[in-house]
Amino acid sequence: MTDTTAPAPAGTVSRRAALIGAAMLFVALVGVLAGARYGLLLAIGLGFGITLEGLRFGFAGPWRAMILRRDPAGIIAQLCAIAIVAVVAIPLLAANPGELAGAHAPVGLAMVGGAFVFGICMQIVLGCGSGTLVNAGSGNPVSLVALPFFAIGSFAGAYHLFWWTDLGSAPLVVLSGTGGLAVTLAALAAVAAFVWWRAAPENRRVAPRLWLAAALVAALAIGNLVVAGQPWGVVYGLGLWAAKGASLMGADLAGSAFWSAAGNQDRLAASVLTDVTSLTNIGIIAGAALVASWRAGLGQGLPRLPARAWAAAVVAGFLLGYSSRLAFGCNVGAFFSGISTGSLHGWVWFLAAFAGAVLGVRLRPHLGLEAR
Amino acid sequence: MAPTRRLTAGLALALVATVLLLDLAAGSVPNPYRAPALLALGSGQVASGGHCAALPGN
Numbered sequence: 001m002t003d004t005t006a007p008a009p010a011g012t013v014s015r016r017a018a019l020i021g022a023a024m025l026f027v028a029l030v031g032v033l034a035g036a037r038y039g040l041l042l043a044i045g046l047g048f049g050i051t052l053e054g055l056r057f058g059f060a061g062p063w064r065a066m067i068l069r070r071d072p073a074g075i076i077a078q079l080c081a082i083a084i085v086a087v088v089a090i091p092l093l094a095a096n097p098g099e100l101a102g103a104h105a106p107v108g109l110a111m112v113g114g115a116f117v118f119g120i121c122m123q124i125v126l127g128c129g130s131g132t133l134v135n136a137g138s139g140n141p142v143s144l145v146a147l148p149f150f151a152i153g154s155f156a157g158a159y160h161l162f163w164w165t166d167l168g169s170a171p172l173v174v175l176s177g178t179g180g181l182a183v184t185l186a187a188l189a190a191v192a193a194f195v196w197w198r199a200a201p202e203n204r205r206v207a208p209r210l211w212l213a214a215a216l217v218a219a220l221a222i223g224n225l226v227v228a229g230q231p232w233g234v235v236y237g238l239g240l241w242a243a244k245g246a247s248l249m250g251a252d253l254a255g256s257a258f259w260s261a262a263g264n265q266d267r268l269a270a271s272v273l274t275d276v277t278s279l280t281n282i283g284i285i286a287g288a289a290l291v292a293s294w295r296a297g298l299g300q301g302l303p304r305l306p307a308r309a310w311a312a313a314v315v316a317g318f319l320l321g322y323s324s325r326l327a328f329g330c331n332v333g334a335f336f337s338g339i340s341t342g343s344l345h346g347w348v349w350f351l352a353a354f355a356g357a358v359l360g361v362r363l364r365p366h367l368g369l370e371a372r
Numbered sequence: 001m002a003p004t005r006r007l008t009a010g011l012a013l014a015l016v017a018t019v020l021l022l023d024l025a026a027g028s029v030p031n032p033y034r035a036p037a038l039l040a041l042g043s044g045q046v047a048s049g050g051h052c053a054a055l056p057g058n
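Chains as they are written, first to last, in our numbering: chain A, 1 to 372; chain B, 1 to 58.
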């Protein structure tokens with residue numbers, strides 16, 4: 001057994017000091033070069049990455065644990081984090097409608113289908129929106145392969161978004177004010193009770209690290225809303241990176257109603273260091289890498305996977321990006337931020353994506369990503 | 001020597017660095033003197049960032 005009370009060797013201490021110093025320098029540089037708000041958003045992103053990797057808090061893994069082992073712990077922690085954010089965010093949005101915006105989107109045919117496909121793919125690569133960033137940062141090769149295709153898929157899904165939404169959407173439904181908060185909290189409690197009831201009796205416990213992670217993720221998400229004026233998101237930033245790459249290679253984005261819209265044209269011309277979701281995404285990758293290096297976990301060998309597993313990572317990565325644009329978000333933008341800011345589409349996303357996840361869990365072994 | 005996660009984590013950070021460097025090379029240089037207030041809440045400014053739940057025009 002390792003003696004955890006023994007002082008770390010001098011080399012480890014200096015490496016960890018260098019990691020903290022590099023992270024602080026990065027935040028300071030962005031703050032000086034782009035502005036204090038952007039430095040703070042990068043720091044929030046680092047906080048997300050450190051918390052998600054350090055406390056092993058995720059979305060795809062807990063859903064898999066519930067489906068395969070009826071282990072409810074991770075989902076209960078997710079619902080708890082969403083509830084904490086909702087308690088703060090829904091009243092804040094009601095009181096400051098000009099300065100703050102929620103993750104509000106309509107329920108529609110493409111939205112439901114997109115969430116279902118996202119649920120499948122997040123189980124194939126075992127990484128959702130935030131999970132793919134965290135896993136890539138900590139050296140998971142499947143997520144590293146999936147990540148650039150996630151970005152390309154997000155760009156392409158946004159490019160075609162209006163065609164998909166024209167298939168049919170219901171009016172926007174937002175649970176707002178005190179009544180909306182009460183309904184949101186009651187629904188979260190009902191889902192938590194259902195998950196607890198469905199759980200295997202021997203698994204009906206939540207590790208302390210998950211309660212801590214839920215509280216930290218919620219605090220960071222509230223910080224994201226207060227600093228950026230909008231909730232935590234992932235997918236837009238990835239699509240923007242691919243869109244900038246396409247522009248750099250001479251692509252004309254005028255053919256896309258989405259990318260030629262005024263706000264998106266502005267963000268295409270502006271630095272990624274001023275884009276909210278780009279900054280938090282960068283922070284998540286860097287924060288996860290920091291934790292992996294801190295734990296000296298980067299010495300782990302890479303898995304030997306068959307060719308079909310790498311092909312699955314490419315296809316699933318692309319579909320994660322494409323489908324999350326149609327679904328108006330991933331596990332972060334739609335499920336976490338949608339529900340916590342009162343959007344009905346977050347709830348519908350949850351149902352559709354979980355149904356997809358049930359299928360994805362069963363597909364994963366056939367694609368060579370785990371033993372059958 | 002067999003490759004480890006040090007290689008893949010390094011590649012992930014290199015991917016981020018490439019995005020930042022290409023963006024700078026394309027002329028997207030931030031201007032700190034035109035930066036918004038530290039906090040959106042209380043700034044009096046309308047939220048204008050991109051988000052995956054937002055559809056242009058809505």
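Hints in this document: simulated from the structure, not taken from any laboratory.
Model, not experiment: these values are computed from the prediction.
Careful, some of the hints might be misleading.
[As the list claims (entries may be wrong)] Part of the chain A face toward chain B, derived, beta carbon under 10 angstroms:
1) G61
2) R69
3) A94
4) T165
5) L167
6) A170
7) G180
8) V183
9) N264
10) G346
Cβ atoms here follow ideal geometry from the backbone N, Cα and C, with glycine treated the same way.
Status of the hints after comparison with the structure:
{"no.": "1", "hint": "G61", "in the structure": "18 angstroms, violated"}
{"no.": "2", "hint": "R69", "in the structure": "26 angstroms, violated"}
{"no.": "3", "hint": "A94", "in the structure": "13 angstroms, violated"}
{"no.": "4", "hint": "T165", "in the structure": "7 angstroms, holds"}
{"no.": "5", "hint": "L167", "in the structure": "14 angstroms, violated"}
{"no.": "6", "hint": "A170", "in the structure": "14 angstroms, violated"}
{"no.": "7", "hint": "G180", "in the structure": "16 angstroms, violated"}
{"no.": "8", "hint": "V183", "in the structure": "19 angstroms, violated"}
{"no.": "9", "hint": "N264", "in the structure": "7 angstroms, holds"}
{"no.": "10", "hint": "G346", "in the structure": "9 angstroms, holds"}
Violated hints for the displayed structure, listed by number in ascending order: 1, 2, 3, 5, 6, 7, 8.
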